[in-house]
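Hey, can you work out the whole structure from these sequences and the hints?
In this text, residue positions in the sequence shown follow my numbering: the first is 1, and each later residue adds one.
Since the hints were made in silico from the structure, they are not lab data.
Among these hints, one or two may not hold up.
Unchecked claim - Mimicking DSS-like on lysine-lysine, the simulated pairs with C-alpha atoms at most 27 Å apart in a straight line are:
{"no.": "1", "residue 1": "Lys119", "residue 2": "Lys30"}
{"no.": "2", "residue 1": "Lys263", "residue 2": "Lys119"}
{"no.": "3", "residue 1": "Lys269", "residue 2": "Lys119"}
{"no.": "4", "residue 1": "Lys268", "residue 2": "Lys119"}
{"no.": "5", "residue 1": "Lys209", "residue 2": "Lys326"}
Unchecked claim - Pair by pair, the computed Cβ-Cβ distance ranges are:
{"no.": "6", "residue 1": "Met305", "residue 2": "Leu4", "range": "23 to 29 Å"}
{"no.": "7", "residue 1": "Lys209", "residue 2": "Val312", "range": "23 to 29 Å"}
{"no.": "8", "residue 1": "Val176", "residue 2": "Leu123", "range": "29 to 35 Å"}
{"no.": "9", "residue 1": "Pro122", "residue 2": "Lys326", "range": "37 to 43 Å"}
{"no.": "10", "residue 1": "Ser253", "residue 2": "Ile37", "range": "29 to 35 Å"}
{"no.": "11", "residue 1": "Ile308", "residue 2": "Leu123", "range": "41 to 47 Å"}
{"no.": "12", "residue 1": "Leu225", "residue 2": "Lys326", "range": "23 to 29 Å"}
{"no.": "13", "residue 1": "Phe239", "residue 2": "Lys326", "range": "36 to 42 Å"}
{"no.": "14", "residue 1": "Ala323", "residue 2": "Leu225", "range": "16 to 22 Å"}
What you are looking at is a predicted structure, and each value in this text was computed from that prediction instead of being measured.
All residues carry an ideal CB built from backbone N, CA and C; glycine is no exception.
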Amino acid sequence: MNRLIRFFILSSTAVILAYLNYLGLEIVGKMSIVICIISMSPFIIMVLIGIPKVDPSRWFELPEEGASSGKAGWEDSGWLPLANVWGVLWRPLLNNLFWNLNSFDSGANFSGDTRDPGKNFPLGMFYGVILVGMSYFIPLVIAIGATDSLQSDWVDGYLAVAATQIGGRWLGAWTVFASGISNLALFQAEMTTDALEILGMAERGMLPKIFATRSPHGTATYGILLGTIVIIGMSVADFRDIVEMLNFTYAISLLMEYAAFIKLRIAKKEVYRPYRVPLNTAGCIAMVIPPCIVTILLMLMASFMTYIYFAVSVLLGIVLRCAHVKRSNSRLDQSECNDQSVEDTGSDDAEDESFVIS
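What follows is the structure, encoded as structure tokens:
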């Protein structure tokens, strides 16, 4: 596809979806539920049709010789470039797993708009993890066991080919359609959480106050606008590069969240929490060590270009933060000067009145 046409389609789609997001959380929530039902239905049908065709021995077949020797379209640079162990290219595997299974922590951004978060959040997380995990694992197990595909066949979009082999062309077409609209729900959920996070930071003085503005629909107006601009700007990049760059940035935020979680457990034990992880401090530390190791491993596998992107992003963030702090301090100083001037003026007026009365 022509790059200009591709950019126009992606940017137009982003603007339309951002406007829907602007209309309110209720619309986003209802649309996400409908899309979830539609997008999951072809995989449920594929599983039901494919179960009798499954040959369990296919699950344990080793990769053919040289199947994973290629670069799979990934840049061959970094501290652990395209590590190939047991016939598996771990860099694209971990990046894809991380991309598809992350952002559970983003649910916390809805806490201010959730009824009884102490009860609903644990239930939502529990069912969400199970649903997401099973929606990936079960269709893949059926697709591998019910088809004669080779490891080299599994490229972008091959699950639709597997669905066609299992249920026919109609099921393959339905799978493609369901995959497409599921991205709409993903876009809306991510846009909402990011915008609310920006709004929360602005309310706490970490970002300019303009980002704390809510629309008449209760949504974060300028957070949505900023997210749309970033999405349109990154739509010109290669998808693999976007996945790795965003994964790297998200990995840093995860490590900071784990560190903050442990620090707050130690320093703020008495603070009320709507939901408290039922472990002591040692148990919490043990709980976060495995994900920290996997997260650091993912970062070590990134390309040098991703490190450059991250360094530039951090420097830009530091510059913008310093500029915001300096501007806020100057406004505070100006406000104090104005208050002092008012007090001095009032004092002078009082002295004048006293002189006149005497």
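Checked hints:
{"no.": "1", "hint": "Lys119 with Lys30", "result": "holds, 21 Å"}
{"no.": "2", "hint": "Lys263 with Lys119", "result": "holds, 24 Å"}
{"no.": "3", "hint": "Lys269 with Lys119", "result": "holds, 20 Å"}
{"no.": "4", "hint": "Lys268 with Lys119", "result": "holds, 22 Å"}
{"no.": "5", "hint": "Lys209 with Lys326", "result": "holds, 14 Å"}
{"no.": "6", "hint": "Met305 with Leu4: 23 to 29 Å", "result": "holds, 24 Å"}
{"no.": "7", "hint": "Lys209 with Val312: 23 to 29 Å", "result": "holds, 26 Å"}
{"no.": "8", "hint": "Val176 with Leu123: 29 to 35 Å", "result": "holds, 33 Å"}
{"no.": "9", "hint": "Pro122 with Lys326: 37 to 43 Å", "result": "holds, 42 Å"}
{"no.": "10", "hint": "Ser253 with Ile37: 29 to 35 Å", "result": "holds, 31 Å"}
{"no.": "11", "hint": "Ile308 with Leu123: 41 to 47 Å", "result": "holds, 42 Å"}
{"no.": "12", "hint": "Leu225 with Lys326: 23 to 29 Å", "result": "holds, 24 Å"}
{"no.": "13", "hint": "Phe239 with Lys326: 36 to 42 Å", "result": "holds, 38 Å"}
{"no.": "14", "hint": "Ala323 with Leu225: 16 to 22 Å", "result": "holds, 20 Å"}
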